[in-house]
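Undergrad: Sequence:
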Amino acid sequence: MTVGGRPVRWRLGLRLAVTALVAACAVLLGAGPAAAHAELLGTDPADGAVLDTAPEAVTLTFTEPVRLTDREITVYDAAGVSVPSEAAASDDEVTVTLTDPEALGRGTFVVAWAVISADGHPISGSITFSVGEPSAEVADPPPAPTSSGAVTAVQGVLAGLTYLGLLVAAGLAAFVALVLPGSYGGQQTRLRIRRTTRVAAAVATVAALLMVPVASTYAQGLELGDLPGSLDPGLVTAEILSVVLLVAGLGVVVVSLSSVPPDRTQRPALLVGAALAVASPAVVGHTRSYQPEVLLVVSDVVHVAAGATWLGGLVGLVVALRALAGREELAAVTLARFSALAGGLLLAVAATGTMLAWRILGSWSAFLDTTYGQLLLVKIGLALVVAALGGWNRFGMLPRVRAAAGFGDRTRAATLVSRTLVAEATVVVALLGVTGFLVNQSPRPAPVDAPEGTTGVEAAESSGDLQVYAALSPRRQGATTLLVQLQDGTGEPVTPPTAPEVSLRSGDVDLGDVELTASDAGTWQARVVLPRAGVWEVQVSTRLSRFEAPVSTVRIDVPE
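Numbering (mature numbering (1 follows the signal peptide of the UniProt record, and there is no 0)) for the sequence shown: -38 to -1, 1 to 522.
Simulated from the structure, these hints should not be mistaken for lab results.
Where is the CB? At the ideal position from N, CA and C, for every residue including glycine.
Check the hints yourself; a few may be wrong.
[To be verified] Label-pair restraints from in silico Cβ distances: (1) Leu473 / Val43: 29 to 39 Å; (2) Leu140 / Arg467: 50 to 60 Å; (3) Leu13 / Asp519: 12 to 22 Å; (4) Glu185 / Val206: 45 to 55 Å; (5) Ala164 / His83: 23 to 33 Å.
Input sequences plus hints: build the corresponding full structure.
TA: Next up, the structure:
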């Protein structure tokens, strides 16, 4: 009979933790993908269209599902006076219904829109259409509100603190469960580990909780002064879910460490709680934005888990090695266990990091052309420094610990190892600071403002009910993005067995095949450079089956 029935309570807690972990996996792998940032794919009527009569509604189609905010989508006449209208979002379409289209009159009208991508980033723009004939002069619509750099800076700091606390707390749980010998009964060392874990978990929890209203503020284009009344739960559902997973996982870890040393039931509880916590960033990360989604989400979770085990192991070693200075065998076993584990962690970080960079950036040039790529290069450089310090510990310091003969030698060896570990942990903390700002950057190049009337979409019937849509964003000469989407007769995206083959040409200028990157279901994009204006032919060959591969040609007029 156990006093207080502690094993029974632990078994129940472990079952609950495992259930939560399974639920987290279902959430991460079962929810639909979200593109990195939505882009306007097309409009009805087309941007710049001249109509005989006023439309009853204007439809905006995006490359991914979008959401509306409290900021209204507004229709203005040529003089800049707002026209009564209502907007509603459904999946990847926004419908702007004109209250009284017959009262519009003749001239040009501007639809100023602002929506939120599925990843929480706000995007905005405007399109025009004319009734009868275009107006001679058209007033610019008011600019959509955007948050200042202070908001994104606070987001970066909070993200960095969340990662720091998460990785230290979850990593210490892994250190106690996998590295620290079970025979070691040093209560002071275990007490320090427990206190450090509690502080780290508290930092991660507070930072993650504060991130929710800040993310809502950013999504609405507001400022930090608007925080008290700007929280809109509907805009930050992913962030809220991430906080729930984080708090649940770290809660299991902290409770599991409340009685030390852990028994056979508590040890798996530590690992399950840590796994639940390290899965939380994947709910809101860029990995949900690219295909194959399951592989990238798993890579993201493994990447964070490896980083947590590494950083937590470094902190745990710094705490434990000084106390083990007089017990060289136990110290050598502890350091050897972590060194062996670190080799696998290095492979895991390298493999998953390479996978994520390959799928998210998509090209070598993106490392230099985007802030995301530049920060990723800094992160890679810091990771190489960490790997070098880890190698020095493994092949330089560990033999010294094993060879130490007297108490003085053991103490000096432990001091040298601790200094290297502190340096290694410091570089990892700097790496996490970079990560905090990295996760708030878009992996895609910053969009260039398009001239008025240059965001139209063209379509061509391919085979049966298959429709091929192509657009240039912006539709202009020079560097631009080609968007291609396949739809069936009901307007649903079509994803063939293999990506379509797309080529571009205009007269005697043939750019040949372009390299496509999947951005959503049935949707691909490619960065292209059009050397001149004029009519460009986009030839799309779609392999639907072994014997069916229709070819469609979409013509897009690129203005001077």
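Undergrad: Indicate, hint by hint, whether the structure satisfies it.
TA: Status of the hints after comparison with the structure:
Between Leu473 and Val43 the CB atoms are about 44 Å apart, so this pair departs from the stated range of 29 to 39 Å. Between Leu140 and Arg467 the C-beta distance comes to about 59 Å, which sits within the given range of 50 to 60 Å. The beta-carbon spacing between Leu13 and Asp519, approximately 18 Å, falls within the hinted interval of 12 to 22 Å. Under the hint 45 to 55 Å, the C-beta atoms of Glu185 and Val206, about 27 Å apart, miss the expected range.
Distance hint check for Ala164 and His83: the Cβ-Cβ separation is about 29 Å, which falls inside the suggested range of 23 to 33 Å.
Hints 1 and 4 from the list above are not met by this structure, while the remaining hints are.
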